[in-house]
Every structure is written in C-alpha cells, then in structure tokens.
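Protein chains in written order, with numbering that gives the first Met the number 0: chain A, 0 to 417; chain B, 0 to 121.
Honestly, I wouldn't trust all of these hints.
What the hints assert, rightly or not - Computed beta-carbon distance windows for the label pairs:
id, chain 1, residue 1, chain 2, residue 2, range
1, A, 231, B, 67, 28 to 34 Å
2, B, 108, A, 121, 49 to 55 Å
3, A, 121, B, 67, 32 to 38 Å
By construction, these hints were calculated from the structure, which means they are not laboratory data. No experiment lies behind these values; they were computed from the predicted model shown. A virtual CB, placed ideally from N, CA and C, is assigned to each residue, including glycine.
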Amino acid sequence: MEDVICTFCGSVCDDGEFDTEKKKVKKFCRLGSSKFAEKQRIKAPMIDGKEVSYETAIEKAAEILANAKKPLLYGWASTANEAIRVGVLLAEKLGGVYDQCASVCHAPGTLAVIEEGLPGATLGSIKNRADVVIFWGANPAEAHPRHGLRYSISAKGLLVKDRKQRKVVVVDVRPTKTAKMADMFVQIKPGYDYAIISALRAIISGNAEVVPSEVGGVAKEKLIELAEIMKKAKYGAILYGLGVTQSRGRDRNVENAIKLIQLLNRTTRWVIWPMRGHYNVVGAGEVPAWEVGYQYAIDFSRGYPRFSPAEFSAVEVLKRKDCDAALIVASDPVAHFPKIAVKHLKQIPVIQIDPYPNMTTLLAKVVIPSAVYGIEAEGTAYRMDCIPLRVKKIIETSYWTDEKILEEILKRVEKLKG
Amino acid sequence: MVVVELITGRTLDQGATVEEKLSEEYFKAVSYIELNEEDFKLLGLKEGDSVKVSTDFGEVVVFAKKGEVPRGVAFIPMGPYANMVIDPTTDGTGMPQFKGVKAKIEKTGERVKTVKELLEAI
Ligand code: SF4
Numbered sequence: 000m001e002d003v004i005c006t007f008c009g010s011v012c013d014d015g016e017f018d019t020e021k022k023k024v025k026k027f028c029r030l031g032s033s034k035f036a037e038k039q040r041i042k043a044p045m046i047d048g049k050e051v052s053y054e055t056a057i058e059k060a061a062e063i064l065a066n067a068k069k070p071l072l073y074g075w076a077s078t079a080n081e082a083i084r085v086g087v088l089l090a091e092k093l094g095g096v097y098d099q100c101a102s103v104c105h106a107p108g109t110l111a112v113i114e115e116g117l118p119g120a121t122l123g124s125i126k127n128r129a130d131v132v133i134f135w136g137a138n139p140a141e142a143h144p145r146h147g148l149r150y151s152i153s154a155k156g157l158l159v160k161d162r163k164q165r166k167v168v169v170v171d172v173r174p175t176k177t178a179k180m181a182d183m184f185v186q187i188k189p190g191y192d193y194a195i196i197s198a199l200r201a202i203i204s205g206n207a208e209v210v211p212s213e214v215g216g217v218a219k220e221k222l223i224e225l226a227e228i229m230k231k232a233k234y235g236a237i238l239y240g241l242g243v244t245q246s247r248g249r250d251r252n253v254e255n256a257i258k259l260i261q262l263l264n265r266t267t268r269w270v271i272w273p274m275r276g277h278y279n280v281v282g283a284g285e286v287p288a289w290e291v292g293y294q295y296a297i298d299f300s301r302g303y304p305r306f307s308p309a310e311f312s313a314v315e316v317l318k319r320k321d322c323d324a325a326l327i328v329a330s331d332p333v334a335h336f337p338k339i340a341v342k343h344l345k346q347i348p349v350i351q352i353d354p355y356p357n358m359t360t361l362l363a364k365v366v367i368p369s370a371v372y373g374i375e376a377e378g379t380a381y382r383m384d385c386i387p388l389r390v391k392k393i394i395e396t397s398y399w400t401d402e403k404i405l406e407e408i409l410k411r412v413e414k415l416k417g
Numbered sequence: 000m001v002v003v004e005l006i007t008g009r010t011l012d013q014g015a016t017v018e019e020k021l022s023e024e025y026f027k028a029v030s031y032i033e034l035n036e037e038d039f040k041l042l043g044l045k046e047g048d049s050v051k052v053s054t055d056f057g058e059v060v061v062f063a064k065k066g067e068v069p070r071g072v073a074f075i076p077m078g079p080y081a082n083m084v085i086d087p088t089t090d091g092t093g094m095p096q097f098k099g100v101k102a103k104i105e106k107t108g109e110r111v112k113t114v115k116e117l118l119e120a121i
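With the rest of the complex left out, here is chain A (with noise of 0.2 Å):
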C-alpha cells in the first residue's frame, strides 16, 4: 500500500509505503519503522491485572470516573481528533480536569501565543521559501528525522532549491546531531534563550550598543553575525523545539522570540513555529479548542470549562492532589512526569487506554487496550503545522478503537450520573 501515513512524530510524513506480507514499511525513518514494526502489546483488557472483557473493563472503568469527585483524563497526543472529541465531552460530562502531553511539551508556547499571536506558516511554504531556517531548542535528526529532508534542511524547494541555496542555524547547549548538519551553531549556555533573544533584537533594532561583549556564553560578534543573516533573509524561519520551552524563561522565552520575529517582518519575512513531538499532540489542543475554547489545563468540575495551567494542568493537579481518579489516553505519564506527580498517580485508580504497555500500565487499575491509528485504525489527525491528515487503516485488528472505547465509557457514564 502507497501513500502510507507515519502516526509518530509531528512530521506526520505521508508518503510510506506498507509491504503487506513482510508487514513492514519503506522510506520511514528510524522512528517511523520501529512505530510499524510487531512489538508487544497489551493482550487483552484487564482490571486489577486480570483478564475481562471489553464490556467488563469498560464499566469499571465508568462506574471509577463517575464515582470520582474530580478526575483527571489525560493524554491525547497519540490518538485521532475523533477520539480526543468524545474525550473532551467525557471531561464535560464528569466534571473533570482535561489536560494534554503539550503542558509538558510546547504549552508555554500556547501561552506566549495567546499574548503575542503566533506568526506562522506549513512546512511546505518553510520548503518551498526558507533560505534561512534556524532550529532553536530543537533537534529534528533525533526527533523528526526526516523534517529536514522533507522540510527544512535538504529539502527541495518550489523557489529554495536544495541546501546551497539555505542556510541552517542551530542554536543549542550541546553540539547536537543537528548542529552538526548546520552552517552555524550557536552554543548558549542552559537557560540563556531569553538574554540572547532580546540581545538579537537590540543589535536587530540598531541598538548593538547597549549589548554586552558576551551574552549567554556567546561573543557580541557571533550574535552580530547572526542578526546580519536574519536581516538578509528573504524568508526566514525559527523552528524552536523543547529546548526553549522547558528551560528556564519557557513560555516567555517564546513570547521573546514571537516579538524577535515581528521586529524582522518590519523590513523581511520571517515566520516562527514549535516543533511538535507527537503524530497529534496538536489535535490534542486544536480539538478541545474548537469545542470549549482552550488548548490544555481545563477544568469542568464548576460546570464551565476554565483554563488556568498554574491550576489545572495535570503535574499541578497531580501535585495538589486534587484529582480522585485518573484516565490516561494515549500516553505515559508514569515515564514523563515528575517523581511528585507520579506519587499521587500511585494512590488513585488509574484507567489506562493504550495500545501498548507502558509504565502507567504498572499501576493502572483498569487497562484497555487499544487499535494504533495509522496502522489498525483510521482517523484523522494534525501535523505540526497544523494540517489536517487522514491517517489509514492498513490492517484487521480485532482492538477496539479509542473512540470506539470512549464513546462505550461516555455512553455508561451518561447512564450513571443521569
């Protein structure tokens, strides 16, 4: 099968192809094949360990959230707008905390967005119009593999070419497998984005005067060079990864680096967009979006969905204790949280949809298991840039979908609390 979509990282590339009998996928990265290579699964569901059906899994797991005063469900990023939709309703319905993988990704960017706006563009306009392309925080050789060879790096263009004709900047604190791809590297020391952003922006707005000889453990005359090729470029773009979102500074780092990107647009065009990790952890925002108004941190338990990520993101609620129950979609937040949230995890019941096992799998009271979309199961979900995809479904799975589990959940939930 042609045209096979990838449902691992933000790339969401589309142009795989599946070999039916070997069961394997061509032209995908590393991270690409090992999504489409058989691994171990979650065989069947289970409640306390033990085997149940889907039906009997599916009640506790309903009769837990409802008895809940305040439960959490979170996750999203790896699963289909359609399953994140009947997750949002669920939220609504229970009066629970909804929250996505982005609070502890790209959130802070949504918030310097929501100050600053966000002045961006699709991957294929950066392929096509990019001469300058600067990775900041971000390192797609190890995480997007093949974004720069669709995209951003070697890509071929409509009026940028090939690589002669882009330059690539990297800006990091270590000399990354990206940096070593790039024509200039700016090594910064941890946490220094927002002193060297707003150096950028003085020397940019022609007061180089007031920045000292060294900023963030870069010389003046490097951050000078570097201000000279953002000014020169036709079209420029900064792809910023977690490197600036969760350092020190993280959602103002971004609001800095939106307001470096308006001051350029005075005089060229420059664009800014965060590199997402997940196939859609953008559609983890975009859909709550649409329906209640915001992207994460969303609390229901007043009837009204309110958005405060200082209250109600999942690694505060976790760490204020104020959730009683937990759903965990598409994601594993026993790997991904701090120790201090994880210890609450352990002291509620957890339910758990994934396909796979995981570390939440550990302590998880009920676990269903679940298709993966793109390979068992179709659907729709966001690239990066915000792109809509309809991702395949390129084999029989007798696994039931999220959507298909949310929607059972969601049905006796509404039974139950009337």
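Fit chain B with the ligand to the supplied structure of chain A, relying on the hints for placement.
Leaving out everything else, chain B with the ligand in the frame of chain A:
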C-alpha cells in the same frame, strides 16, 4: 563529586523504544547520563560505571557515559530516570523545568534500578 547543569531531551534510541517501555532496549536507552570528558575523568569513571545524580528534588543512579556536552553540563534522555531529579515547579505554565537543573554527580557502587523498581521506589 562534580556539579553540573542537567538537561534532558529526546534521543533516537529513546524514540525508537518508547512504545516498548518494559523492554531491555528502553531501559538501556534512558538510564544513562552523558558527561563531558573532563568531568568524566575527574570522577574517575569508566564507561558503564554507576553514578548517583542528586538534585534538590531527588536522586537517581544511572550509568555513566562520555558525551559531547560542554563541561559542567550533563544530559539524561527524557524518561523515568531523568524525572526522578528534575524540578517539578511549573511557574504557572504546567511545564516542569526539565532542563537546566543543578545536579551533583558522584561515583557510586549502587546498582541502577530497573524501570519497575524505580516506580516501586516512588
Ligand atoms: S520523521 Fe516522524 S513522521 Fe516521518 S517517518 Fe520519521 S517518525 Fe514518522
């Protein structure tokens, strides 16, 4: 003992094994720390020795590896080992500080816990 700024992040191996978290490969992909060659020497380490990483927020034992990081910076792949020691403060964003946490590194005779043991110890 050396003091470093700890950063965490993705690697290809972490990504390729992320859907097999209970496997040996995932364990290998996330249970190490990369240190600069000089810091490595200073601690008298050989590749694969155990080191204890302690921060204000916890401690964890991981394998030591030489890595291309600047002196005074150390890297642990994102995952359960890193999360034992990162700063859970979110400053109102929901995002813990996964990067740029001050950490002490010392050689230890303690064994690196498996993923399951790590969870049990929380
Ligand atoms: S770059 Fe991302 S979407 Fe493309 S094949 Fe690799 S993992 Fe899949």
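We went through each hint and held it up to the structure:
The hint said 28 to 34 Å for the Cβ distance between residue 231 of chain A and residue 67 of chain B, and at roughly 30 Å that hint holds. Between residue 108 of chain B and residue 121 of chain A the beta carbons are some 54 Å apart, a value that agrees with the proposed interval 49 to 55 Å. One distance hint, 32 to 38 Å for the beta-carbon pair residue 121 of chain A and residue 67 of chain B, holds here, with the actual separation near 33 Å.
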